[in-house]
Amino acid sequence: MDDFSYLKLASRQIDFDNFDDRLLMYVLEYEPSFLTCISCGGCTATCSAGNLTNFNVRKIGLWLRRGETGKLSEEIEKCMFCGKCTLVCPRDINIRNVILLIKKRISMLKTENEKASWKI
Amino acid sequence: MVVKLYAQLKEDVRLAEGLQACMNCGICTAICPAAEYYEYDPRSIAITVQSGNEEKIAALLKSDTIWYCGQCMSCKTRCPRNNCPGLIISVLRKLSQETGAFTESRMGRQQYLIMKTIGANILRFGYCVHPTVLKPENHPEQGPVWKWVFENKHDVYDSVGANLDGDGPGAMRKIAETDLSELLKIFKVSNGIKLYETIEHFSQIKAVKMGLVDQNGGADMEKYTQYLLQEV
Amino acid sequence: MAEQIWKNTRSIYYRKFKMEESKTKIKWSEYNKEIADDHFFYLRSCIRQNFNPGAEKVFLSILQKNLNKDIFDDPHHTTCSGIGYHSDIVPFETFQTMVARQFSLMGERGYKNCAVSCITSFGGYNEVLSTWKDYPEELAKARENLRKATGREFEIPENLSHACDIIYKFRNEIARQSGYRLINRETGEPLKVVDHIGCHYAKIFPEKGVGGSEYSRVLTGMIEAWGGQTVDYPERRHCCGFGFRHYLVKNNRGYSISNSRKKFVSMEPYRPDAILTNCPGCNMFLDRWQYTLAQMEGKTYGGGTNGIPVLSHEELAGLVLGYDPWKDLGLQMHQVDVEPLLKKIGVAYDPKQKFAGKNGKYINKPLFTGCINQNIPV
Amino acid sequence: MIKNKHVAVIGGGIAGMETASVLSNQGLKVTLIEKQPVTGGKLNDWDQLFPDFSSSETLVTRQNSKTSHSGVNVVYNTEINRIEKINGRFELSDERDVKIFADAVVVASGFRVFDATLKEEYGYGLFGNVITSVDFERQMKKYGKLLTAQGTEPKRVAIIHCVGSRDAKVGNTYCSKVCCITGIKQAIEINQKLPDCEVFCFYMDLRLYGSKFDTLYLTAQKQHKIQFIRGRLSEAAEKPDKSLQIKAEDTLQGRPLRMNVDMIILLVGMEPGPSNSRLIQNNKMALDENGFLKSANIHDARNCTTQEGIFMAGTAICPMPVNETLENARSAATEVIHFFENKKNDGRF
Numbered sequence: 015m016d017d018f019s020y021l022k023l024a025s026r027q028i029d030f031d032n033f034d035d036r037l038l039m040y041v042l043e044y045e046p047s048f049l050t051c052i053s054c055g056g057c058t059a060t061c062s063a064g065n066l067t068n069f070n071v072r073k074i075g076l077w078l079r080r081g082e083t084g085k086l087s088e089e090i091e092k093c094m095f096c097g098k099c100t101l102v103c104p105r106d107i108n109i110r111n112v113i114l115l116i117k118k119r120i121s122m123l124k125t126e127n128e129k130a131s132w133k134i
Numbered sequence: 002m003v004v005k006l007y008a009q010l011k012e013d014v015r016l017a018e019g020l021q022a023c024m025n026c027g028i029c030t031a032i033c034p035a036a037e038y039y040e041y042d043p044r045s046i047a048i049t050v051q052s053g054n055e056e057k058i059a060a061l062l063k064s065d066t067i068w069y070c071g072q073c074m075s076c077k078t079r080c081p082r083n084n085c086p087g088l089i090i091s092v093l094r095k096l097s098q099e100t101g102a103f104t105e106s107r108m109g110r111q112q113y114l115i116m117k118t119i120g121a122n123i124l125r126f127g128y129c130v131h132p133t134v135l136k137p138e139n140h141p142e143q144g145p146v147w148k149w150v151f152e153n154k155h156d157v158y159d160s161v162g163a164n165l166d167g168d169g170p171g172a173m174r175k176i177a178e179t180d181l182s183e184l185l186k187i188f189k190v191s192n193g194i195k196l197y198e199t200i201e202h203f204s205q206i207k208a209v210k211m212g213l214v215d216q217n218g219g220a221d222m223e224k225y226t227q228y229l230l231q232e233v
Numbered sequence: 066m067a068e069q070i071w072k073n074t075r076s077i078y079y080r081k082f083k084m085e086e087s088k089t090k091i092k093w094s095e096y097n098k099e100i101a102d103d104h105f106f107y108l109r110s111c112i113r114q115n116f117n118p119g120a121e122k123v124f125l126s127i128l129q130k131n132l133n134k135d136i137f138d139d140p141h142h143t144t145c146s147g148i149g150y151h152s153d154i155v156p157f158e159t160f161q162t163m164v165a166r167q168f169s170l171m172g173e174r175g176y177k178n179c180a181v182s183c184i185t186s187f188g189g190y191n192e193v194l195s196t197w198k199d200y201p202e203e204l205a206k207a208r209e210n211l212r213k214a215t216g217r218e219f220e221i222p223e224n225l226s227h228a229c230d231i232i233y234k235f236r237n238e239i240a241r242q243s244g245y246r247l248i249n250r251e252t253g254e255p256l257k258v259v260d261h262i263g264c265h266y267a268k269i270f271p272e273k274g275v276g277g278s279e280y281s282r283v284l285t286g287m288i289e290a291w292g293g294q295t296v297d298y299p300e301r302r303h304c305c306g307f308g309f310r311h312y313l314v315k316n317n318r319g320y321s322i323s324n325s326r327k328k329f330v331s332m333e334p335y336r337p338d339a340i341l342t343n344c345p346g347c348n349m350f351l352d353r354w355q356y357t358l359a360q361m362e363g364k365t366y367g368g369g370t371n372g373i374p375v376l377s378h379e380e381l382a383g384l385v386l387g388y389d390p391w392k393d394l395g396l397q398m399h400q401v402d403v404e405p406l407l408k409k410i411g412v413a414y415d416p417k418q419k420f421a422g423k424n425g426k427y428i429n430k431p432l433f434t435g436c437i438n439q440n441i442p443v
Numbered sequence: 006m007i008k009n010k011h012v013a014v015i016g017g018g019i020a021g022m023e024t025a026s027v028l029s030n031q032g033l034k035v036t037l038i039e040k041q042p043v044t045g046g047k048l049n050d051w052d053q054l055f056p057d058f059s060s061s062e063t064l065v066t067r068q069n070s071k072t073s074h075s076g077v078n079v080v081y082n083t084e085i086n087r088i089e090k091i092n093g094r095f096e097l098s099d100e101r102d103v104k105i106f107a108d109a110v111v112v113a114s115g116f117r118v119f120d121a122t123l124k125e126e127y128g129y130g131l132f133g134n135v136i137t138s139v140d141f142e143r144q145m146k147k148y149g150k151l152l153t154a155q156g157t158e159p160k161r162v163a164i165i166h167c168v169g170s171r172d173a174k175v176g177n178t179y180c181s182k183v184c185c186i187t188g189i190k191q192a193i194e195i196n197q198k199l200p201d202c203e204v205f206c207f208y209m210d211l212r213l214y215g216s217k218f219d220t221l222y223l224t225a226q227k228q229h230k231i232q233f234i235r236g237r238l239s240e241a242a243e244k245p246d247k248s249l250q251i252k253a254e255d256t257l258q259g260r261p262l263r264m265n266v267d268m269i270i271l272l273v274g275m276e277p278g279p280s281n282s283r284l285i286q287n288n289k290m291a292l293d294e295n296g297f298l299k300s301a302n303i304h305d306a307r308n309c310t311t312q313e314g315i316f317m318a319g320t321a322i323c324p325m326p327v328n329e330t331l332e333n334a335r336s337a338a339t340e341v342i343h344f345f346e347n348k349k350n351d352g353r354f
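From first to last, the protein sequence lines stand for chains A, B, C and D. Going by this note's numbering, the first sequence opens with residue 15, and the numbers climb by one from there. Going by this note's numbering, the second sequence opens with residue 2, and the numbers climb by one from there. Going by this note's numbering, the third sequence opens with residue 66, and the numbers climb by one from there. Going by this note's numbering, the fourth sequence opens with residue 6, and the numbers climb by one from there.
In case anyone wonders, no lab produced these hints; they're calculated from the structure. The reader is advised that the hints may include incorrect statements.
[What the hints assert, rightly or not] Here are a few chain D residues that sit away from chain C, every Cβ distance over 12 Å (derived from the structure):
hint : residue
1    : E125
2    : G169
3    : T339
[What the hints assert, rightly or not] Restraint-style ranges between C-beta atoms, simulated for each label pair:
hint : chain 1 : residue 1 : chain 2 : residue 2 : range
4    : A       : T125      : D       : D50       : 52 to 62 Å
5    : D       : N302      : C       : V330      : 50 to 60 Å
6    : B       : I48       : A       : T125      : 36 to 46 Å
7    : B       : V14       : C       : G253      : 35 to 45 Å
8    : C       : G369      : D       : G133      : 25 to 35 Å
9    : A       : D29       : D       : Y148      : 42 to 52 Å
10   : B       : A59       : A       : P104      : 33 to 43 Å
11   : C       : V330      : D       : Y148      : 29 to 39 Å
12   : D       : T178      : B       : K57       : 22 to 32 Å
Heads up, the beta-carbon is just placed ideally off N, CA and C, and yes, glycines get one too.
Construct the entire structure; sequences and hints are all you get.
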């Protein structure tokens with residue numbers, strides 16, 4: 015039989031119907047101010063880590079809202095927790111806390127061994 | 002004097018047709034078949050070209066990005082500003098080939114393969130596609146029926162009333178030498194042959210750079226072809 | 066003389082027209098394009114004549130014998146090089162000159178209307194004509210190139226129609242002559258047919274398609290005129306995934322199959338009896354990819370081991386008009402068996418003749434047909 | 006002097022009523038001409054107004070009583086097709102050749118709602134669960150909540166901005182100004198009535214220019230969990246269960262996005278009124294590049310048409326919300342009085 019493995023491509027389309035919002039719900043429970051993010055990018059512009067790496071705080075927020083736990087668990091490690099993002103946010107969101115919460119929940123997951131079901 | 006890349010893009014009449022003014026809405030990316038399966042975003046292509054930024058355009062010309070578009074032109078139908086990102090891509094690809102930048106990306110380098118197959122078919126058969134060159138081993142997805150057609154082509158085409166390699170009209174008829182020579186002359190006067198030669202020229206340079214050389218140190222294009230076929 | 070006036074005024078007029086056009090609110094569902102009535106110059110398709118030569122033969126026959134029209138099949142015409150153009154190895158300048166040569170042959174034979182078999186060519190001709198209207202310098206260059214290369218001159222065609230436009234135009238006449246309806250013989254229910262319109266039919270120039278681009282009527286009009294039922298499905302307008310350079314390079318074919326798969330997944334719940342296409346590439350890909358996907362996934366999207374039969378407008382018209390599925394239409398060249406559809410319609414056919422050569426000559430058989438080899442489990 | 010002057014106001018929507026009652030209160034003779042059997046115009050169909058969720062009906066009732074108290078003569082069921090200046094006065098006529106003579110005219114003929122069937126790819130008119138923002142208002146007025154075509158409560162709704170606005174494909178390149186805030190208002194209303202329903206707004210830019218508009222945006226996010234996705238809707242298609250598959254780009258990520266929703270609401274824009282092209286025929290009025298009535302000067306003679314003695318008010322000039330329409334109508338009245346008091350052209354046009 016022919017080997018058709020060369021034909022397999024992964025879809026990049028964001029599929030809202032298969033969207034895992036558990037991490038988002040956790041963050042919103044403790045930091046409801048995150049609801050008001052308008053993706054302006056003020057945080058990214060001032061970000062200490064972002065000036066040294068390709069870390070993008072605005073995208074952290076987006077990925078959180080799109081249930082992309084896998085991407086988050088890697089990216090989040092680049093944050094230096096300087097807190098400048100929180101200072102500049104026009105919606106007064108405690109972004110530093112949002113990132114801390116993401117980190118905390120993900121490390122809890124790792125110990126809880128839930129990883130498999132979370133697609134990290 | 003170095004002509005700016007953006008100025009060169011604008012020389013092609015298709016750029017004005019493809020890019021009037023983009024307002025960054027993403028309606029094109031939403032339904033783009035390539036955006037779903039590749040790291041590709043036609044909206045950002047339009048925005049980059051619109052910016053006229055030389056560095057960014059130069060980077061695009063060397064990138065895989067411009068080779069992801071499948072030219073379905075679905076973007077044209079939807080754009081609220083009557084732009085056509087697919088047409089912008091055609092212009093970028095043209096410049097990428099003319100400047101040799103295409104050999105800097107994996108997807109771009111494939112132009113050599115296409116020129117050697119479809120490009121050669123056009124001048125050899127007068128058709129883009131011909132059953133003698135559609136070998137089942139290179140087209141396993143074509144399935145057992147095509148394999149049967151290929152292996153019994155004269156009988157099969159004959160049985161359905163086609164005129165494979167025959168004189169006169171009909172499906173898959175042989176194109177007369179006089180017509181083929183007109184095609185070749187058209188390719189000569191309209192820069193078609195020049196483009197084939199350009200692709201060949203830059204591909205050879207790339208092959209040498211990659212160490213794919215023959216005993217005399219010249220480009221070994223057979224090795225290069227094999228390399229491209231494997232490259233993923 | 067008319068040509069001269071066209072040349073002098075068209076550019077200014079057209080620019081103005083384009084601006085006004087964008088102000089005009091077009092109700093596409095009510096839009097009709099102009100399709101010539103008779104005297105066509107036929108332009109073949111590289112892909113169709115290669116994979117479905119019977120479709121082109123039957124198209125000529127339907128026009129000449131069933132509809133009593135004049136259509137000329139000129140042995141001198143060639144590829145338009147459109148596949149090369151869209152995979153970027155043929156410059157736009159060369160493509161324009163190739164198109165100009167086809168027009169020159171047309172004029173030489175005394176024809177003014179093109180009947181185009183291929184959707185890529187059809188879109189390409191329209192792109193070239195639109196460019197010549199907008200940029201007279203491009204037209205002048207094409208004239209100069211063609212003259213220099215071949216000594217030929219050419220005229221702009223009066224009408225450019227795709228073969229499916231012509232079948233659409235005469236769909237009711239075909240229905241009157243047809244011996245078969247797209248109705249399930251056993252249940253009396255109309256057959257469910259999904260359409261797939263080739264992207265370059267109307268996505269680039271909606272005004273060149275019957276009913277525009279979003280809900281083109283060109284294929285649904287045929288289905289309904291011949292008794293069938295059309296089915297709308299979410300990915301109806303999505304590209305089949307040919308992608309020119311993507312199919313041509315083996316390592317890129319994942320793009321092609323992934324996009325076709327999207328369509329099959331989307332149409333599966335409607336359980337269509339057939340897929341109707343107007344583009345030679347789509348017709349071939351939607352047939353072949355069903356086989357490949359079944360080999361990869363172990364299932365088909367049409368239930369069973371066969372898949373959903375894929376037919377082009379010429380093939381479906383030929384079937385309802387009673388042309389022989391094998392000798393005339395060459396439907397044995399499809400991977401997905403068309404027999405389930407033939408049985409539903411009630412088309413008479415001889416199964417023994419399917420893979421027979423001319424005059425019944427034995428020429429072997431494919432290893433298997435349909436999507437899954439029933440003798441070897443996947 | 007002014008007391009003897011007769012002003013004809015074309016259009017009995019809120020703009021026409023406001024201008025007419027102000028002029029009448031100033032002692033002028035005013036005839037308000039309405040094509041429908043009732044005044045109130047499009048607001049008769051609206052449920053609640055942004056940004057304060059006040060009742061549209063209450064506003065129309067107030068306008069109606071103000072109009073009748075001020076002594077405006079209202080003519081119903083009459084659609085003016087022709088305005089011609091004859092012997093220094095204006096002759097207005099409808100297709101039955103009913104004639105009304107006036108010393109000045111105010112055109113307050115309003116706008117036309119964009120016909121969403123022109124955006125075929127959104128499936129309005131084809132799919133039962135694709136509705137417009139106008140349909141939404143009617144539904145809210147009738148049933149008090151949003152229901153799908155199948156009569157169920159939707160679990161997920163997408164609100165689509167810029168339908169028929171900022172779109173060269175349908176010939177409208179301008180912004181309709183009111184849609185963004187209407188979308189946010191409607192999103193909040195859905196959440197209030199159906200708290201379990203997820204609401205998404207697909208936008209290109211959120212043009213929330215009004216002083217209270219951005220606050221409403223914040224409220225929508227904070228209290229009503231409305232989600233905003235930056236990307237213009239490319240297509241909607243019906244699935245076998247009558248829900249809708251929609252596609253847009255999440256432009257902030259640069260990735261295509263697909264979503265299944267129970268309903269979509271198209272925020273349809275404002276188009277030039279259908280009578281504009283007829284009204285300008287027999288006088289010096291003109292249309293602007295978008296087909297609305299052209300102002301003599303968009304800064305300080307916005308209510309003056311290019312025909313001396315013919316004025317205009319409200320959305321006949323350009324898209325505007327209710328409160329601006331009323332202000333604009335009062336300023337039109339001022340222009341009329343100015344015209345009668347001082348016929349000199351002060352250089353504005």
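Self-check item: Non-conforming hints, listed in increasing numerical order
Solution: Those not satisfied are hints 1, 2, 7, 9.
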